[in-house]
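Throw the hints in and build the complete structure from the sequences for me.
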Amino acid sequence: MVHGSWYAHAAQTLGLVFGSCGILSQSTINSGFGIRDNRLRPTTTRLTCMSTPVAVNPYLEGNFAPIAQEITADELQIIGTLPPELSGMFVRNGPNPQFSPLGRYHWFDGDGMLHGVQINNGKASYLNRYIQTRGFKLEQEAGKSIWTGLLEPPQMDNPYGPSKNTANTALVWQAGKLLALWEGGKPHAIRVPSLETIGTDNYDGKLVSPFTAHPKVDPVTGEMMFFGYSLAEPPYLKYSVVSPTGELLKTVTIDLPVGVMMHDFAITADYTIFMDLPLTFRPERAQQGEAVFQFEVNRPSRFGILPRHGDNNDIRWFETSSCYIFHTLNAYSEGEEVVLIACRMSSTSVLGTPEFDDPQADIPRLHQWRFHLGTGLVRETSLEEMPSEFPRLNEQYLGRKTRYGYSSRMAGSELPLFDGIIKHDFSLNQSQTHEFGSGHYGGEAFFVPRPNAETEDDGWLVTFLHDENSQTSELVIISAQNLTSEPIARVIIPQRVPYGFHCLWLSQAQLNNK
15 MVHGSWYAHA AQTLGLVFGS CGILSQSTIN SGFGIRDNRL RPTTTRLTCM STPVAVNPYL
75 EGNFAPIAQE ITADELQIIG TLPPELSGMF VRNGPNPQFS PLGRYHWFDG DGMLHGVQIN
135 NGKASYLNRY IQTRGFKLEQ EAGKSIWTGL LEPPQMDNPY GPSKNTANTA LVWQAGKLLA
195 LWEGGKPHAI RVPSLETIGT DNYDGKLVSP FTAHPKVDPV TGEMMFFGYS LAEPPYLKYS
255 VVSPTGELLK TVTIDLPVGV MMHDFAITAD YTIFMDLPLT FRPERAQQGE AVFQFEVNRP
315 SRFGILPRHG DNNDIRWFET SSCYIFHTLN AYSEGEEVVL IACRMSSTSV LGTPEFDDPQ
375 ADIPRLHQWR FHLGTGLVRE TSLEEMPSEF PRLNEQYLGR KTRYGYSSRM AGSELPLFDG
435 IIKHDFSLNQ SQTHEFGSGH YGGEAFFVPR PNAETEDDGW LVTFLHDENS QTSELVIISA
495 QNLTSEPIAR VIIPQRVPYG FHCLWLSQAQ LNNK
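Using this note's numbering, you'd call the opening residue of the sequence shown number 15 and step up by one each time.
Honestly, the hints are just simulated from the structure, not real lab data. Check the hints yourself; a few may be wrong.
[As the list claims (entries may be wrong)] Capping the alpha-carbon separation at 27 Å, the derived lysine-lysine pairs in DSS-like fashion look like this:
| hint | residue 1 | residue 2 |
| --- | --- | --- |
| 1 | K252 | K264 |
| 2 | K220 | K158 |
| 3 | K220 | K137 |
| 4 | K264 | K191 |
| 5 | K151 | K220 |
| 6 | K252 | K191 |
| 7 | K220 | K252 |
| 8 | K220 | K264 |
| 9 | K191 | K158 |
[What the hints assert, rightly or not] Distance ranges between label pairs, derived from CB positions:
| hint | residue 1 | residue 2 | range |
| --- | --- | --- | --- |
| 10 | S499 | H323 | 43 to 49 Å |
| 11 | E84 | Q522 | 22 to 28 Å |
| 12 | K415 | E210 | 36 to 42 Å |
All C-beta atoms, glycine included, are put in the ideal place defined by N, C-alpha and C.
Written out as structure tokens, the structure is:
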């Protein structure tokens with residue numbers, strides 16, 4: 015199977031139709047396997063129906079499987095030498111179900127678990143902690159799962175609510191707080207460096223929408239922009255701005271014609287960019303026996319450009335060819351143009367089997383759009399043929415023009431495996447790749463700038479790696495300026511770190527701001 019096809023694999027193998035996530039009140043769910051009894055083990059499991067094995071769930075096997083213990087470990091083994099200037103903490107979020115799931119399990123369902131490696135004075139320590147959400151605590155008290163996941167109908171009769179905020183997706187640091195995120199509900203505040211859960215943060219009662227997994231913090235002003243989307247009923251989109259001191263300043267409604275899955279967005283120094291893409295939710299389809307969630311291949315993509323502090327009256331929409339985007343790398347203004355860089359797929363079947371034939375579906379590649387505010391014209395350019403995801407940049411340049419970007423190279427597997435890091439040079443229109451090596455797979459890599467760096471790429475790329483050969487995990491530190499070289503240092507983790515989602519680096523100054 016080709017690069018990037020794990021999106022389709024997730025849909026076709028698991029029968030995925032995006033369910034509740036706190037975003038829907040009702041949903042029509044494809045039957046998929048029709049499996050009702052999963053027996054979760056600490057490492058691997060097989061899905062069963064009436065005690066008869068019928069299939070392997072890949073997201074409960076191998077290094078996707080959850081781990082059972084929370085540990086703290088100091089004086090970790092280091093291969094190579096940690097840079098003396100590198101001081102802080104790498105934290106990554108991801109799913110780790112604590113109990114056997116009810117019904118069919120999807121990777122996105124697991125309880126959030128944080129894995130952190132703290133580095134200081136050439137030494138490293140590790141700890142992992144569950145995010146103590148309300149749902150996690152209720153299930154812990156019950157000693158079993160209470161909620162079903164994305165592959166099952168929402169439990170409208172569940173006395174605790176139809177869905178669980180797992181807080182398992184991403185992280186953001188703003189106004190002296192670390193937040194763990196899940197796009198269907200409130201963020202959870204996390205204490206550092208202990209990674210203990212403080213609780214949900216509703217911004218003094220001002221939070222009136224779900225909170226995206228990908229808020230944007232302006233590195234110059236300190237403001238944070240975020241959005242929340244609804245699928246089943248309008249308003250389908252709400253947009254909010256948080257002050258540098260952490261006060262939620264405003265929330266405005268943005269008009270959309272229909273509910274869409276909007277996982278990410280982008281900012282420039284002056285604008286916020288929303289993506290109204292044709293992965294739509296239409297309940298009326300159920301009456302015709304169709305999936306309510308479909309990618310509408312003949313519907314154009316729309317990009318809305320809004321002045322940062324504007325409202326629905328100020329937004330300007332640009333239409334382009336049909337596509338889907340999970341993650342953006344950056345955006346910036348250049349003359350009369352607003353430029354967006356993101357991982358583009360021509361279409362996606364992530365939420366169900368498509369009604370069209372697209373051999374390039376579910377294959378993300380780095381792409382650029384240029385929206386001319388004067389003429390209304392849009393120019394699109396492919397930036398990289400190699401499929402990749404989890405795009406990142408030096409966060410000090412977020413919203414400004416950058417020369418470099420980084421993304422995780424897809425391994426050509428039916429599962430979301432990444433076998434290298436691509437460094438994109440937008441000035442020279444070329445790229446380099448750091449390859450992890452045979453049987454080694456990583457995830458999102460975070461760029462950590464060297465203190466007092468004078469160039470944009472002076473720093474390190476940090477990520478977890480798993481060796482499928484030895485079944486061991488490590489943290490690797492790679493020079494961003496010498497990308498093709500061996501890692502500068504490898505920190506051996508004393509337990510397996512399952513594959514997960516998004517990560518963050520906290521500087522020592524941020525850790526001290528408790």
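Quiz item: Does the alpha-carbon distance linking K220 and K158 stay inside the 27 Å limit?
Solution: Violated: K220 and K158 sit about 33 Å apart, past 27 Å.
Quiz item: Between S499 and H323, does the C-beta distance stay in 43 to 49 Å?
Solution: For H323 against S499, whose Cβ atoms are near 44 Å apart, the range 43 to 49 Å holds.
Exercise. Assess, step by step, whether the Cα of K264 is no farther than 27 Å from the Cα of K191, and give holds or violated.
Key: 19 Å, holds
Practice problem: Decide if the proposed pair is consistent with the structure: K220 and K252, CA atoms, cutoff 27 Å inclusive. | Solution: 13 Å, holds
Quiz item: Between K252 and K264, does the CA-CA distance stay at or below 27 Å?
Solution: Judged against 27 Å, a Cα distance of about 10 Å means the pair holds.
Self-check item: Pair hint outcome, K252 versus K191 [Cα-Cα no greater than 27 Å]
Solution: Holds. K252 to K191 sits at ~23 Å (cutoff 27 Å).
Quiz prompt | Straight-line alpha-carbon gap K220 to K137, limit 27 Å | solution = Distance ~42 Å between K220 and K137 Cα, so the pair is violated.
Quiz prompt | E84 versus Q522 beta-carbon gap, inside 22 to 28 Å or not | solution = 24 Å, holds
Quiz item: Under the criterion that the straight-line Cα-Cα distance not exceed 27 Å, is the pair K220, K264 satisfied?
Solution: 9 Å, holds
Quiz item: Within a Cα-Cα threshold of 27 Å, do K151 and K220 meet the stated pairing?
Solution: 25 Å, holds
Quiz prompt | K415 versus E210 beta-carbon gap, inside 36 to 42 Å or not | solution = Distance hint for K415, E210 holds at roughly 39 Å.
Self-check item: Holds or violated: K191 to K158, with C-alpha atoms at most 27 Å apart
Solution: 31 Å, violated
Going down the numbered hints, you'll see the structure goes against 2, 3, 9, while the others check out.
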